[in-house]
Structure formats: C-alpha cells, structure tokens
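Enquirer: Top to bottom, those sequences are chains A and B.
Taking my numbering, I'd label the letters of the first sequence as residues 4 to 379.
Taking my numbering, I'd label the letters of the second sequence as residues 4 to 379.
Don't read these hints as lab results, they were simulated from the structure.
One thing to keep in mind: the hints can contain errors.
[As the list claims (entries may be wrong)] Listed below are several chain B residues computed to face chain A (Cβ distance under 7 Å; list not exhaustive): (1) E87; (2) K91; (3) E112; (4) I113; (5) V114; (6) T115; (7) N116; (8) L117; (9) L280; (10) G311; (11) I313; (12) E314; (13) T316.
These figures come from a predicted structure and were not determined experimentally.
All C-beta atoms, glycine included, are put in the ideal place defined by N, C-alpha and C.
2 protein chains.
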Amino acid sequence: MEFIIDHECFTKAISDVNRAASLKTPFPILSGIKIIANHNCLILIGSNSDIVIEKVIPLTSEGVTILEVYETGSVVISAKYLYEIVKKLPAKVHLRVNEKQFVTIQSDEIVTNLYGFHSEEYPNLPQIDEAHFTKISSIELIEIIKQTTFAVSKSESRPVLTGVNMSFKENRLTCVSTNSQRLALRELALESSINGSFIVPSTSLNELSKLLNNDSGFIHIFVTDSYMVFKTNSISLFSRLIEGNYPNITGLLPTNPKTIITVDTNQLLMGIDRACLFASEWKHNNVHLEINNNGTRLKISSNSSEIGRIEETQQIKTIKGETDLRISLDGNFLIDALKVIKEEEIRLSFGGAMRPVLIEPIDHSSYLHLISPVRS
Amino acid sequence: MEFIIDHECFTKAISDVNRAASLKTPFPILSGIKIIANHNCLILIGSNSDIVIEKVIPLTSEGVTILEVYETGSVVISAKYLYEIVKKLPAKVHLRVNEKQFVTIQSDEIVTNLYGFHSEEYPNLPQIDEAHFTKISSIELIEIIKQTTFAVSKSESRPVLTGVNMSFKENRLTCVSTNSQRLALRELALESSINGSFIVPSTSLNELSKLLNNDSGFIHIFVTDSYMVFKTNSISLFSRLIEGNYPNITGLLPTNPKTIITVDTNQLLMGIDRACLFASEWKHNNVHLEINNNGTRLKISSNSSEIGRIEETQQIKTIKGETDLRISLDGNFLIDALKVIKEEEIRLSFGGAMRPVLIEPIDHSSYLHLISPVRS
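With the rest of the complex left out, here is chain A (with noise of 0.2 Å):
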C-alpha cells in the first residue's frame, strides 16, 4: 500500500474520524484507524462502541489532484500517533505499508516509522439497506439536534431516556427527548420511506452535529437492524440504536392552562441567568417566577438564606386566563429551554404551581419544551 496525499485534506479526514476512535478500549485494534487505498479514493474508519465514521477522499477536490495511489492495500495506524504526527507536518504526506504492517510516513525532510495492525482484525462495516432511507438538509438536522439532545437523562438508569427518540411517520418526523422533569419536542415534515421509532443516543447526534458543522448540503438517514445510519457527500456516521421502548408523550401535554402569557425570548433568558445568581444554592437551581401588577409584570427571583436576594420585574406583552400566579421552576432547566428557540416572542402556558409549563415560539407550531414545577 502506497500514495501520496495533500496534507491538509489528510489532516481534516483524519481528525474527522478519530471522533469515533476510542482512547480506552479493551481491543487494542480499535484505538486505530482504519485506512484502504483504492484505485480511485482512500477510505478512512474510525470506530468505537456507539459510532461509527467513514470518511471517503477522492482523487480531486475542485479540479485539484490530491491523492494519488501508488499500490491499493489497507491498514489500521494508531489514531493518536497518526493524527498527532501528521498534523505536524509541513508538506504533502507519503505514505507506504510493508508486508509486516510497518508504516513509513514521510514529508520534506521528515520520516516517521510506525507499527501497524493487520486491517483483517478491524470490525465491519454495518449492511446499509439503500432502499429506505429519508433526504433531510444538514441545516435543519443540526438544529433538530441542538433543539432536543440537551434535554435527554444524564443517568443511566433508564437507558432510553439516554437518547432522542426520532419517529419517522406519514412523511412526519418527530423527535422528543425527556428526562422525566423537563421535554422537548421538535417536528418537521420531510420525504421519507422510512417508517418506525428509533432511539438514538444523544452522544451519537451531539457528534454528528460537531462533524456536519454547518456544511450546507444534504444529509441520506439509513436504518439498519441496529443503528441508524447518516450519511453525506464525503462523511457517514454510523449510530447504534438504543433497544427499549420509549414512553408515550402524548399524555403529558397540558390541556386548558389556566394562564397563557408572551414574553420576548431574550430579556427572560437574561433575567433567568441573573436569578441563577443565587439559584445554585438550591438543589433544583429554584427560580421563582411571579405574575404580578394585574397580569402586567413578571417577577422573577431567587433567593439565598445566608448570600443574598435578586429580583426583577419584566414586561408581560400579553396575557390571557388568571393574573394571578406563583410558580418555582429550575433555572437551568429554563436556560437551556430559552436558549435554543430563536424566536423573538414565546408563548408560556401554565396549569397552576403545580403543573408544568409549557413553553413554545408563538410563530411556529412545531416545537416545544415542557419543564415540571420545583417546590420552592
């Protein structure tokens, strides 16, 4: 196996997979990447037990020769020493494997020698089904993640909750993620010949999002027996599925709220940061919210027994149902909430103190965040 590659695609690629590659594995051969030179690409693997990356360079970028194979082969290179070495380097990278696995890599005036494992012992790839899959922009599939993976269960108890539950349904994707104190759910209609509820590990999607990284075109989704498959141009991230049932949700959504405010989005993430001040104290980050001056003004607040007290008063725009109201809610919660709705307005329903809140964009129906009250 031989060939000679521009260094900064090698870099990128290289960098690209190691997301996957694991540091601490019982199996030394997955700590590396998996290289093949083809006549017409190289292919570079990273895999560890949740994902899989394939990343697929070809001879040309833009008219540009950047690869040229010398000798087809494949080999497994220490994602660490690889990436550490070459991103070092000043120039194009040439690189060649021995009948004993042993890797010489060489730019300008510099050699580097290392050991390599035999690319037989390296796992498969999974079977990609081509037949069903789902067309979706890289844009919007980034914010579907950004919008849903930060309110999955950080504990392991109950694995599903671990992960984004995506519903393909009547050309309907619906995805929701929940911890059981607070939801989020986003919906988009798409085309797609895919049918059937999968879990997805948020850890799965958060790397996805990092890799994507606003690339503007589309992304191919896959599923195969047990992992979801993304995949665009260049790059195809291979996810395992979460096994399990994922509870239904659609008995949690408040029905008849007693009050419905609008409020802009940005003053109460603002103030909600602020009143964190003093929320830490408390094990639910309480924040007190208070409608006050008949239905006019929220109060919001929060206070510490030894440190201190802050409060502030903020505009309500409009309000419908009972001016009358006193909830404690968890501040973080509430932040995260805020922080991914990019519109400017949003609309909270609340059933009473002791029934959660529903949070939504007042110009678009298809998300939503439900946090539960905290007794204050």
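On the provided structure of chain A, position chain B as indicated by the hints.
Expert: Here is chain B on its own, set in the frame of chain A:
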C-alpha cells in the same frame, strides 16, 4: 456609602482585583473584595496569601463621568457574587450600603441584595517607601516574565526555586529562574534606585503579566520588607517575596564549548515539537540531537520501542569546533526555551554529551537558556 458607576469600568475593575481574591481561604473576609468610596475615586482591593491587587477608579475617564460618589465609606463584598452579578447587569450600577453592611446593587429594574462584611476586619495594605523605585516599560516587563517564569521549579521542596530571582545592581536588572535541570537568564539595563536581590513567586509574576495585558505604559517597582510592588496609574500588585538565599549561578554558565552551531529558531522548534511525539513515553521526554554530514546537518529524532520512531534532519547554518556530537535532551525543556526566543537565529553551544547546552539568540546578548542533558 453610595455611588453610581459605569457598568463596563466596574466590571473590569472587579474582574482585575478578583484575580487576587481567595476562593479557598480559612478567613471568609479574604473571599471578599474591599470597596472604598472616596470623594474623588473608588478603590477596590482583593488579596490572598501571595498577592494583593488594588485598583483605583477616578471620577472621569477621557473626559466622561464614569463615577458619582454620593456618600463615602467602605465595605467588603463576596468577590464571587459581586462579579457574577455585576457582569450580567445591563446598565449603570447603583450601589448603596446601609449601616448594617446590607448592600443593594441596582441596575434598571434589577435589584440585588447581598450581606457585606465590616471593612475594618480586612487586612491593611503593606506600606510603600516611595523614595526607592525602578521604572520599567510594561512591554519589557511582560517580556522578561515570559522569558523566565516557565523555567522555575514546580516542586515546593526548595521554595526559592519556585520564584524568579530579580537582582538590581548598578542600574542593571538580572532575572534568573531554574529548576536545577534548566535555567533561564535575562538581563536589562535600566535606571534604578533599588539595589538588592529578591525572589518573587512565579505565580505572582504570571498574574501581573495577565493584569498588564499589553498595557503600553510604565510600571514603577517598589520594595517593602516582605513585598515587591508593581504599580501603574490605575492598578497596583503587591507580591509577597520568597525568603531564603537564591543559589549562585555564575559557576554554572559553561566556558570553552567544544562545538558551536547556529540554526533557524522556528525550524528547530517545529522539529523538536514533532520529535516529542514519541518523547512523552520517556520520563525526561528524551529527544536526540546528532550532528551529521561533516557538520552540515542536525538530525533530530525520538523513538519508542513499541510504537515507532521519528527523525528529520535540518540545515546547520554555521559550525565551529568538533563536528561529531550526539546528545539527548528533554524535548519539553527545549520547546519552552525556543518558544520565548523572538530572534530568527540561535546559537547552540555544546560542551559534550554530558554537559549542559547553552542556547542564545545570535543577535541579543542579554538572555540565554541552559539545559542539562538526559541519559539516553
């Protein structure tokens, strides 16, 4: 005590003195910032066992009123909470303290209350003898700090070695730091009415460097019984001195080198950085240097028995003396020294494989680095 102050100035000042305020201290009052409102200025003080930072805010800045004092007085307020709240306020800050040390901080419709401490309990500033001082440009002082503090000892076993030895003698400042395996020395001519040798903790100097932050003014340096004081127009840093005698280093500087070579500084830095890839496996980050090709090429290499080997050769610009040399050095020590040399070319003087290497910029005789070899 009562004043109204510009939000940006107040935030910056609190952030500056906060560097000294102690997060972990057996004396709760030292976790606070002392604020003194005078008729003509506001003074903020933060301190810990090593440093005291004092910041003075005048009534106006560049002709604009930034401070209005309505009632003089003083108070101590939790540094953590004061900073956290003030940085998040949207506008001018109105601060009042009542006779019970109850502090009210108001900005627009945001009201915060904090319990303050009696300021009488806060330790007094050390007295400065203004008769003896040294004046130095901030940029030069920052450079000296950068070129010496990295080489101090990280171990507390010999406390004097954790500081930089600053000697003022006949209008000459000499700064030396060493951890016994490497040494950095920097000299500077300046006018000084201070004479004597002082050991300043490297941590204080690093804090000072961050505080000055490329400020282009001048620093006045004073010395008290147990403090060195660095003073600009608006800010003073008092650093505790380390007691004890600093080792005499004059005998350490090598004489009669066997080989002297000159090489490109940045190219050598990049080469050593690459060679460190395998050096980290060794206790002393062993990187090997070897003069080859009849004194025209410098080979840089490192290897690991299990993973691999890296080597490269670089051009030697000039050579004097023996053209045969092999030596092993701590790669990280080399990187630290090369990083702080601004000049494009350096001279390396070798006394043999077991003698320290002297590194100097070729056109700057006032600073040098000395590194002891390691056994390969």
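Enquirer: Are there hints from earlier that the structure breaks, and if so, what are their numbers?
Expert: Structure breaks no hint.
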